[in-house]
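Colleague: Top line first, the protein sequences correspond to chains A and G.
Its first residue numbered 1, the first sequence is counted upward by one per residue in UniProt numbering.
Its first residue numbered 1, the second sequence is counted upward by one per residue in UniProt numbering.
Rather than coming from a laboratory, the hints here were simulated on the basis of the structure.
One should not assume that every hint holds.
What the hints assert, rightly or not - Lysine-lysine pairs mimicking DSS-like chemistry, simulated, CA-CA at most 30 Å apart:
# : chain 1 : residue 1 : chain 2 : residue 2
1 : G       : 117       : A       : 167
2 : G       : 295       : A       : 132
3 : A       : 56        : A       : 73
Number of protein chains: 2
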Amino acid sequence: MRMQELKQPSSIEKTQNFLADDIKALENLMLSCFAGVSEDLIQDIASHLLIKGKGKMIRPLLCMLTSKMLGYKGDAHIKLSASIELIHLATLLHDDVIDESDMRRSLPTANVIWGNKASILSGDFFFSKAFKLMVSAGSLASLDVLADTASKMVEGEVKQMLNLQNKTFISQEDYFQVIEYKTAKLFSAACKVAALISQEEYVDTLAEFGHLYGVIYQIQDDTADYFSNSTGKLRGKDFLEGKITLPLIMLQNKVNQTEREVIEKIFENERSQQDLDKVLSLMKKYEILNALEIKVGKLANQAKNLLNNIARSTQAKNLLTDLVNWLAHH
Amino acid sequence: MRMQELKQPSSIEKTQNFLADDIKALENLMLSCFAGVSEDLIQDIASHLLIKGKGKMIRPLLCMLTSKMLGYKGDAHIKLSASIELIHLATLLHDDVIDESDMRRSLPTANVIWGNKASILSGDFFFSKAFKLMVSAGSLASLDVLADTASKMVEGEVKQMLNLQNKTFISQEDYFQVIEYKTAKLFSAACKVAALISQEEYVDTLAEFGHLYGVIYQIQDDTADYFSNSTGKLRGKDFLEGKITLPLIMLQNKVNQTEREVIEKIFENERSQQDLDKVLSLMKKYEILNALEIKVGKLANQAKNLLNNIARSTQAKNLLTDLVNWLAHH
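Based on the sequences and whatever the hints tell you, model everything.
Modeller: As structure tokens, then:
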């Protein structure tokens, strides 16, 4: 992802400092889910994902920061955050099998190291532990949201898989439906459950905030596929796999008829590095990166405006605003 | 399975008649989980499993019958039963990918028809809907039991996968640990949650009853692999795949040194029909079927004795006893 090539931005660091105790508790809680497991294989995969290949845990950060913003004082937000991260990791394990991915977060994927069968089963294990944590949080309303979210995420993955198999050029509308389901729903749930356990009047506002955050997150990820030099993610990976994402859809909507046919032809067969270069030069010609930045900027403003509906003005709220800016500006 | 070759036994029919309204509600509830799904693929797979390839739904029958025995009057037992059946189906979808199975219940498996990717994702979908149903039952204690059960089932599958990869002869103890996790835990949970929502003083007794039922169920399934002519399951399937199950372990504990080495050699490489015939003739020589029947008979008596601890004597209790006899006697 493009964001990985930059120095860790200070808004993430500030958030991590602000939430230091919560993050420690979150990490211990996630590791404790695997402590009593009889099979070393599952423990090895857990270490690979939770320690060696540890990500920014952006979904838990949002859930915990939102909880703080709303003045939540208990510990259910830790349990729910851990649960959300484990759902996320479970889907990564299965997605990497489905997409036949070999690298993630600069490490070989679990399916490469331990095989597809081990990845399928450990994904199921992560998923079951996620539900166990949710139950321990004791909020049936949050359980309901997260069970629904898990279903929708699968629907999004199925949509994406079928789009890929059909080899047809998807519309912008189709694209936004896929990313709403496969990505934004879990971000939305992360913020929604924080409201459910603290101040229910903000449930809809924060669900929408999380949704926008997730949409921007996925657009940035898809943008990075064309415009990043990150080591963690191979540039052009989605392109070479045939995934149609926003940069390409925007391009397709701007090019002339001849160029459009060239692009469509590229997506009918296996794609090469030369094809990627051709598409990149068209993206430069039509200033697609600029168009994407404008789109992201609008969505970021919508997200920040939603936070203005929250009466409190706290450090947590300011950090949440900073996290929107951080995501939108690189 | 061996039981499929016989005429549907009357104790199952009697149970189905007794629970007719509940079964109808259960089926409608399970189908309703897939009604609003945007992807036809998931709906097609759901129809394949819930309608075309519908099984006996033995786990829901146990849950519903146990609830009735304890005088339960609400509808949470339907929701929990549906949830348990969906967890079971989710594991079948994933297991068939992992075992590379091509037939189940006399039909091609979902992975053969729709591919591994679709099976992985629809398994995840079934799993998420199972949790959604559990939440709707409103019993946090039952949710906790079922989340734990789901984890243990995965541990059992991992154990089995590793045993298979290691190609070593497992002990009877290892065998019982695998079947406890991969099979008996869900049967146990089916009976345990029925007690949790109705009469908590019977939780342990019924968890143990369900456990024994599941152990017998798996032994009968493993026995059928050697002694059945069922069309639904290819005889010798587990044997040819290299799965070491109780009939073979019992045989290995009775044969002489020369025979033991022959059997071990057979399991070092791919197995043929001739190998199966050789093992079957040894099983005949050492009366393994008889030894299995004695083992199952003992477990069935333990299970029925547990029911004697339940003060009530109702039709549901009698049917539950009949279901033990039905399972044990063919």
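Colleague: Next, verify each hint and record whether it holds.
Modeller: For each hint, the structure was consulted:
Restraint check: the Cα-Cα separation between residue 117 of chain G and residue 167 of chain A comes to about 17 Å, which is no more than 30 Å; the hinted pair holds. A threshold of 30 Å between alpha carbons decides the hint, and for residue 295 of chain G with residue 132 of chain A the separation of about 35 Å lies outside it, so the pair is violated. Between residue 56 of chain A and residue 73 of chain A, the direct Cα distance comes to roughly 24 Å. Compliance with the 30 Å bound is thereby established for this hinted pair.
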